[in-house]
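A.B. asks: Make the full structure from the sequences, and use the hints.
The primary structure of each chain is shown beneath.
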Amino acid sequence: QKEVEQNSGPLSVPEGAIASLNCTYSDRGSQSFFWYRQYSGKSPELIMFIYSNGDKEDGRFTAQLNKASQYVSLLIRDSQPSDSATYLCAVEYGNKLVFGAGTILRVKS
Amino acid sequence: DTGVSQDPRHKITKRGQNVTFRCDPISEHNRLYWYRQTLGQGPEFLTYFQNEAQLEKSRLLSDRFSAERPKGSFSTLEIQRTEQGDSAMYLCASSWGQEAFFGQGTRLTVV
Numbered sequence: 847q848k849e850v851e852q853n854s855g856p857l858s859v860p861e862g863a864i865a866s867l868n869c870t871y872s873d874r875g876s877q878s879f880f881w882y883r884q885y886s887g888k889s890p891e892l893i894m895f896i897y898s899n900g901d902k903e904d905g906r907f908t909a910q911l912n913k914a915s916q917y918v919s920l921l922i923r924d925s926q927p928s929d930s931a932t933y934l935c936a937v938e939y940g941n942k943l944v945f946g947a948g949t950i951l952r953v954k955s
Numbered sequence: 133d134t135g136v137s138q139d140p141r142h143k144i145t146k147r148g149q150n151v152t153f154r155c156d157p158i159s160e161h162n163r164l165y166w167y168r169q170t171l172g173q174g175p176e177f178l179t180y181f182q183n184e185a186q187l188e189k190s191r192l193l194s195d196r197f198s199a200e201r202p203k204g205s206f207s208t209l210e211i212q213r214t215e216q217g218d219s220a221m222y223l224c225a226s227s228w229g230q231e232a233f234f235g236q237g238t239r240l241t242v243v
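Order-wise, the sequence lines are chains W and G. If you read the first sequence in the numbering used here, its first letter stands for residue 847, the second for the next number, and so on. If you read the second sequence in the numbering used here, its first letter stands for residue 133, the second for the next number, and so on.
Any given hint could be a false lead.
To be verified - Some chain W residues close to chain G (C-beta under 7 Å, calculated; not the full set):
#, residue
1, K942
2, F945
3, G946
4, G948
Unchecked claim - Straight-line C-alpha distance at most 35 Å; calculated DSBU-like pairs for lysine-lysine:
#, chain 1, residue 1, chain 2, residue 2
5, W, K913, G, K189
6, W, K888, G, K203
7, W, K888, W, K848
8, W, K902, G, K189
9, G, K143, W, K888
What the hints assert, rightly or not - Here are the simulated distance ranges between beta carbons:
#, chain 1, residue 1, chain 2, residue 2, range
10, G, H142, W, N853, 27 to 33 Å
11, G, E200, W, E891, 24 to 30 Å
12, G, E160, W, D904, 20 to 26 Å
13, W, E851, G, S205, 35 to 41 Å
14, G, F206, W, Q916, 34 to 40 Å
15, W, S866, G, G148, 28 to 34 Å
16, G, G148, W, E851, 34 to 40 Å
17, W, A947, G, E231, 17 to 23 Å
18, G, G217, W, G855, 24 to 30 Å
19, G, T241, W, Y917, 35 to 41 Å
20, G, D195, W, N853, 23 to 29 Å
21, W, S878, G, S190, 31 to 37 Å
Calculated directly from the structure, the hints in this document are not laboratory data. The structure displayed is predicted, hence computed values, not measured ones. Just so it is clear, CB atoms sit at the ideal spot from N, CA and C, and this is done for glycine as well.
C.D. replies: Right under this line is the structure:
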């Protein structure tokens, strides 16, 4: 059973702070990892993906991957109230993505 | 907008009825996926097409569910004899490489 675990939250951060979202996965053979953002009642929106150990930055977002620890994280710098959403971690297994249940992020102004 | 398009956006049906959903992927994408999502959970994989071939189907998908992608373009997902447990958001996604993009989803309510 391929598993992807996330803390459900909610994670509350003040506006302008760094939000740190974490994800662990069970299969050491996994190669590609994705972060999606989902607003209430809407469909998931791809933020970024990572497949190499280390950091990958895109604007205010940084994805971090540690394959030895089977751990993926997403950092959001200068958090804004519009970042309030559920963040889904997904791991590619063969032809499909396996998703975690998501972490609710609340950014308070 | 040339994103993934799903129709209908909402469907309310009585238990025991059949429903069919349609997905139009991004035009150059050869891969198409169906997922289901219930409240508080992440999307759950249902099935995968590469062009017109259905290459993978979840064991969670009962024989009441069937999906097609006849010409390698749009896809349909049919649920026969719906049950209340089928109530969920049905999401379609498409991709060319590693990045999969989701449509707006079809929210099914079985009453």
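A.B. asks: Going through the numbered hints above, which ones does this structure break? Give me the numbers in ascending order.
C.D. replies: Going through the list in order, the structure violates hints 15, 20 and 21 and respects the others.
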